[in-house]
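Per the numbering used here, the sequence shown starts with residue 1, numbered consecutively.
These are computed hints drawn from the structure, not numbers from a lab. Note that the coordinates shown come from a computational prediction; the quantities given were computed from them, not determined experimentally. Any given hint could turn out to be false.
Stated by the list, open to error - Keeping only pairs whose Cα atoms sit at most 30 Å apart, straight-line, the calculated DSS-like set for lysine-lysine is:
#1 K677 to K586
#2 K414 to K634
#3 K312 to K859
#4 K919 to K884
#5 K736 to K879
#6 K71 to K101
#7 K381 to K919
#8 K304 to K514
#9 K884 to K304
#10 K522 to K269
#11 K677 to K345
#12 K634 to K200
#13 K589 to K704
#14 K71 to K380
#15 K312 to K586
#16 K241 to K377
#17 K304 to K634
#18 K340 to K797
#19 K381 to K364
#20 K514 to K269
#21 K134 to K364
#22 K135 to K879
#23 K736 to K704
To be verified - Distance ranges between label pairs, derived from CB positions:
#24 T768 to D806: 26 to 32 Å
#25 G678 to V648: 28 to 34 Å
#26 A894 to K750: 31 to 37 Å
#27 A802 to A339: 41 to 47 Å
#28 V361 to A652: 35 to 41 Å
#29 T333 to T373: 55 to 61 Å
#30 G494 to V361: 26 to 32 Å
Where a beta carbon is used, it is the ideal one built from N, C-alpha and C, also for glycine.
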Amino acid sequence: MRRRTGKLTCTAIATTAVLALGAALAGPLPQRAQAAPAAAAVTDYCQGQCSDILPPGQNGNATLAEILANKAVGTHPEHSTDQLGPYNNLVAGYPTLTDDKLTDFFNDSSFGVPADQVASVTKPRDDVTITRDKKTGVPHIEGTTREGTEFGAGYAAAQDRLWLMDVFRHVGRGELTSFAGGAEANQGLEQSFYSQAPYKDEDYQAQIDYILATQGERGRQALADAQAYVDGINAYRKQAKDGRYFPGEYVLTGHIDAITNAGEIEPFKLTDLIALASVVGALFGNGGGGEVESALSLLAAQQKYGLAEGTKVWESFRERDDPEAALTVHDGTSFPYAAKPANAKGTALPDAGSLTPEQLVYDKTGSAKTGATEQVKAPKKLDALRGIYDDGVLPRDLFSRKHGMSNALLVSGKYTAGGHPVAVFGPQTGYFAPQLLMLQELQGPGISARGAAFAGVGMYVQMGRGQDYAWSATTSAQDVTDTFAVELCAPDGGAPAKDSTYYRYHGSCVPMEKIERRNAWKPTVADSTAEGSYRMQVYRTKYGLVTHRATVDGKPVAYTLLRASYRHEADSIIGFQMLNDPGYVKDAKSFQSAAQHINYTFNWFYADSRQTAYYNSGLNLVRAADVDPSLPVKGEAAYEWRDFDPTVNTAAYAPPAQHPQSIDQDYYISWNNRQAKGYTAAGFGNGSVHRGNLLDDRVRALVKKGGVTRAALTRAMAEAAVTDLRGEDVLPELLKVLRSAPVTDPQAAKAVQQLESWQAAGAQRRETSAGSHTYGHADAVRITDAWWPLLVEAEFKPQLGADLYDALRANLTVDEAPSAGHGPTGSHAGSSFQYGWWSYADKDLRAVLGENVQGPLAKKYCGAGDLSACRDALLTSLKQAAAKPATEVYPGDANCSAGDQWCADSLIQRPLGGITHDKAHWQNRPTFQQVVEFPAHR
């Protein structure tokens with residue numbers, strides 16, 4: 001077994017010894033690396049030029065002893081934190097980065113483990129070997145049979161992420177509170193997810209059966225692989241429980257008794273993988289929705305300006321196909337999708353004041369009603385761990401926030417120093433401890449890859465490298481989710497009430513299907529929420545899940561949300577299987593073919609020694625003619641998806657040729673920006689200023705110069721990662737307006753000078769020196785953080801009016817500064833500047849300045865279009881911002897004192913278990929990241 005205890009100081013040993021909690025505190029005995037590792041079964045064509053990184057560390061399991069030691073004296077289990085330092089150090093090291101220094105900040109991701117770097121060798125069964133390296137502890141899994149390879153993958157995943165996988169399978173099944181405790185945040189997250197992906201138990205099996213019935217031999221092989229993976233998880237699960245080296249969180253949450261070892265870690269089932277896949281899809285792989293909220297802002301615009309002018313104003317903020325937007329496919333190729341029809345039909349806007357959200361939670365008891373807490377009896381030595389989940393095991397808004405993350409930079413070999421493509425890419429999945437992703441290498445019959453996979457569904461590497469190619473993804477979030485307004489009815493033929501559970505489908509009055517889940521919890525050491533329970537209830541129709549009720553033209557309707565991948569959470573397994581198969585992926589074209597089998601909405605990128613490539617995946621819907629995808633549509637046969645079959649939720653989909661794609665463009669960038677000309681953005685604000693510009697400007701300059709290296713492309717990424725988008729791309733226009741006349745007020749003049757100096761220096765949020773925890777131009781950063789929401793309000797609210805301004809803010813948040821509470825982990829999440837009003841501000845200010853604007857807003861807002869009035873409004877708001885002290889701009893939280901600017905921005909690995917980590921410098925950067933340049937090919 002793999003040893004799970006790190007190096008403890010004498011103090012830590014003493015601390016844990018006196019607890020006298022029995023053998024549950026011990027880890028398994030180490031298995032020394034006596035046997036030399038098997039030589040890599042395949043040729044590694046990267047020849048040492050592939051690297052990766054995934055903080056904080058590979059090891060995500062910790063025994064109770066290790067958790068206690070971490071709390072007592074700050075020690076960490078081996079390999080749980082050793083990738084955080086190199087990741088963090090890139091902030092200070094990138095300006096002087098060269099190719100030979102890349103391994104100071106990234107892991108060598110070559111296949112296999114050199115003999116002198118073997119830390120342990122485990123053989124969970126005869127046909128598979130798991131070799132872990134000394135530096136990072138990454139599992140290199142080599143099987144003589146395919147089944148053994150997958151068994152080893154599951155076994156290694158359980159070694160590294162057993163608790164995390166258990167948490168997320170219960171999230172996927174809508175059972176988080178019953179498993180981890182009734183904390184208010186757990187309730188909120190559970191309810192948020194269940195409202196998006198509720199299933200009955202038989203629905204999970206039905207999705208497995210669908211893959212078997214429709215995907216041929218690859219489908220059968222995929223499910224055999226998945227079953228072997230589950231078997232591997234269960235093998236380690238049983239050994240860890242029997243050997244008492246299971247994750248300590250099972251004790252803290254009341255599942256296992258530390259003294260007697262009584263209790264159980266429930267066996268994993270194949271259907272759990274469907275539940276886990278639904279979590280991944282909901283977090284990162286869907287797109288669209290929000291049509292009801294869009295309808296509300298459209299109605300507000302029409303109320304303000306009238307039908308025609310209001311619609312024009314709303315469309316200009318919608319920015320569906322903005323001509324100034326940064327594009328991934330920038331050679332002018334158009335891929336029309338989800339466009340606004342000339343004359344929309346079937347649109348179903350709610351009557352004013354009639355909209356109400358659908359109730360989700362019923363029958364609350366105990367703490368679900370009162371919020372009461374209760375401390376359970378436990379050994380005194382566990383007091384340090386009391387309440388570690390009182391704020392939830394996961395952020396409550398993990399699924400309710402928009403997620404548009406990850407970035408990619410690729411340069412064609414025509415423009416590189418080595419003559420081969422260079423790529424720096426990876427997914428931005430937030431910062432958790434342990435991380436949602438885990439590293440692994442898989443080598444077996446038909447499988448050859450190293451990279452990252454989401455824990456619990458790691459049958460295959462999902463982003464990584466093969467023998468002579470590498471691939472990665474960014475969230476694309478194109479519109480594959482629609483809202484329908486289904487007409488309500490009464491089964492007796494009478495007038496339906498607004499809360500009716502019957503609706504019309506193809507002329508018949510049919511009942512809605514009720515899906516429900518009852519959860520109950522009791523207090524534990526980890527979560528002091530007192531005993532309580534509730535029932536969640538969702539109504540499902542053939543047109544999706546009921547989210548709201550309203551009247552449309554006086555008739556009661558239910559608004560339903562239907563996602564193309566609902567009931568198909570695991571279909572993407574076929575595409576991932578292909579990406580791991582060296583017999584399938586041999587070049588750019590075969591890579592694109594594999595990506596076509598992934599139904600998640602992702603941008604996929606590829607590089608080998610000869611070519612780069614891009615493909616946008618997802619179930620792009622073929623909608624009825626003249627339907628506006630941005631707004632609710634009537635739930636009638638005439639407006640259904642083409643060839644819609646509600647039994648299994650399938651429809652006609654756009655053929656692969658209509659998806660944005662490209663091979664060997666001069667360069668590619670993606671930071672969740674628009675994919676291509678004509679490819680409609682699913683949300684608001686994807687216009688002239690987007691964080692994608694931070695990459696596009698830098699990579700374009702590198703390509704123009706030529707001779708691009710891995711280090712040069714990494715530097716471009718790293719510089720963008722510490723740059724304030726507002727400071728680089730909007731502040732120049734703001735300063736032009738302010739300097740359009742002399743600034744005579746001393747306070748305003750000082751602030752303007754500070755902003756100008758910061759902007760000239762690169763508008764970065766970066767320490768003065770490594771470890772100083774003080775930003776250069778700190779006052780300018782503070783002023784910008786305070787000013788942005790004030791200036792946006794001063795610029796737009798007077799002309800839009802409060803109602804329309806607030807409605808548009810509901811569609812698109814004004815700001816996403818690093819210190820704001822947004823992103824997949826709330827505050828301290830890294831990902832920033834994805835959603836905000838920077839494009840609106842940029843276009844409006846340029847219009848007021850008299851500059852050329854393509855795709856302008858329908859009106860001039862700042863100062864009603866008068867430059868002098870605009871300047872006065874901006875100066876007034878700037879003076880207000882400059883006067884705000886740091887303690888007000890950065891009010892502090894449980895991790896940071898008020899006024900600590902660096903800390904407010906800092907990255908914190910959100911603990912999903914009992915281990916915590918040091919803060920890291922803010923970076924707007926992928927969590928898992930690869931740097932690759934293949935010099936050879938098969």
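Verification of the supplied hints:
Under the criterion of a C-alpha separation no larger than 30 Å, the hint pairing K677 with K586 is consistent with the structure, at around 29 Å. Proposed proximity of K414 and K634 is contradicted: the alpha carbons are some 51 Å apart, above 30 Å. Taken as a hint, the K312 and K859 pair is honoured in the structure, with Cα atoms around 9 Å apart against an allowance of 30 Å. Pair hint K919 plus K884 holds up; C-alpha atoms about 26 Å apart against a cutoff of 30 Å.
With a C-alpha separation of about 17 Å, the suggested pair K736 and K879 falls inside the 30 Å cut-off, and the hint holds. Of the pairs offered as hints, the one joining K71 and K101 is violated, with about 35 Å between alpha carbons and a cut-off of 30 Å exceeded. Straight-line distance between C-alpha atoms of K381 and K919 comes to about 26 Å, which keeps the hinted pair within the 30 Å bound. Restraint check for K304 and K514: the C-alpha separation of about 40 Å exceeds 30 Å, so the hint is violated.
Among the hinted pairs, K884 with K304 is inconsistent with the structure: their alpha-carbon atoms are about 34 Å apart, more than 30 Å. Taking the CA atoms of K522 and K269, the gap is near 25 Å; set against the 30 Å cutoff, the hint holds. Distance restraint check for K677 and K345: the Cα-Cα separation of roughly 24 Å lies within the 30 Å cut-off, and the hinted pair is therefore satisfied. For the suggested pair K634 and K200, the alpha carbons sit about 27 Å apart, so the restraint of at most 30 Å is met.
Between the alpha carbons of K589 and K704 the distance comes to roughly 27 Å, so the proposed pair stays at or under 30 Å and holds. Between the alpha carbons of K71 and K380 the distance comes to roughly 14 Å, so the proposed pair stays at or under 30 Å and holds. Our distance criterion of 30 Å between C-alpha atoms is broken by K312 and K586, whose separation comes to about 48 Å. Using a Cα cut-off of 30 Å, the hinted pair K241 and K377 holds, with the two alpha carbons roughly 23 Å apart.
Distance restraint check for K304 and K634: the Cα-Cα separation of roughly 25 Å lies within the 30 Å cut-off, and the hinted pair is therefore satisfied. About 27 Å separates the Cα atoms of K340 and K797, which keeps this hinted pair within 30 Å; it holds. Straight-line distance between C-alpha atoms of K381 and K364 comes to about 34 Å, which puts the hinted pair past the 30 Å bound. For the hint linking K514 to K269, the alpha-carbon distance of about 25 Å falls within 30 Å, and the restraint holds.
Annotation: proposed proximity of K134 to K364 is violated, straight-line Cα distance about 51 Å (limit 30 Å). The hinted pair formed by K135 and K879 fails the criterion: a straight-line CA distance of about 52 Å is larger than 30 Å. Distance hint between K736 and K704 is fulfilled; the C-alpha atoms sit about 29 Å from each other, no more than 30 Å. Separation of T768 from D806 is about 40 Å and departs from the stated range, judged on CB atoms against 26 to 32 Å.
As the Cβ distance of G678 to V648 is approximately 30 Å, the hint placing it in 28 to 34 Å holds. Separation of A894 from K750 is about 34 Å and conforms to the stated range, judged on CB atoms against 31 to 37 Å. For A802 and A339, the hinted distance range of 41 to 47 Å is not satisfied, since their beta carbons lie about 32 Å from each other. Between V361 and A652 the beta carbons are some 37 Å apart, a value that agrees with the proposed interval 35 to 41 Å.
Checked against the hint of 55 to 61 Å, the C-beta distance between T333 and T373 comes to roughly 59 Å, which is consistent with it. Evaluation of the 26 to 32 Å hint for G494 and V361 yields a pass: the beta carbon distance comes to about 29 Å.
Figure legend: structure checked against the earlier numbered hints; hints not met, in rising order: 2, 6, 8, 9, 15, 19, 21, 22, 24, 27.
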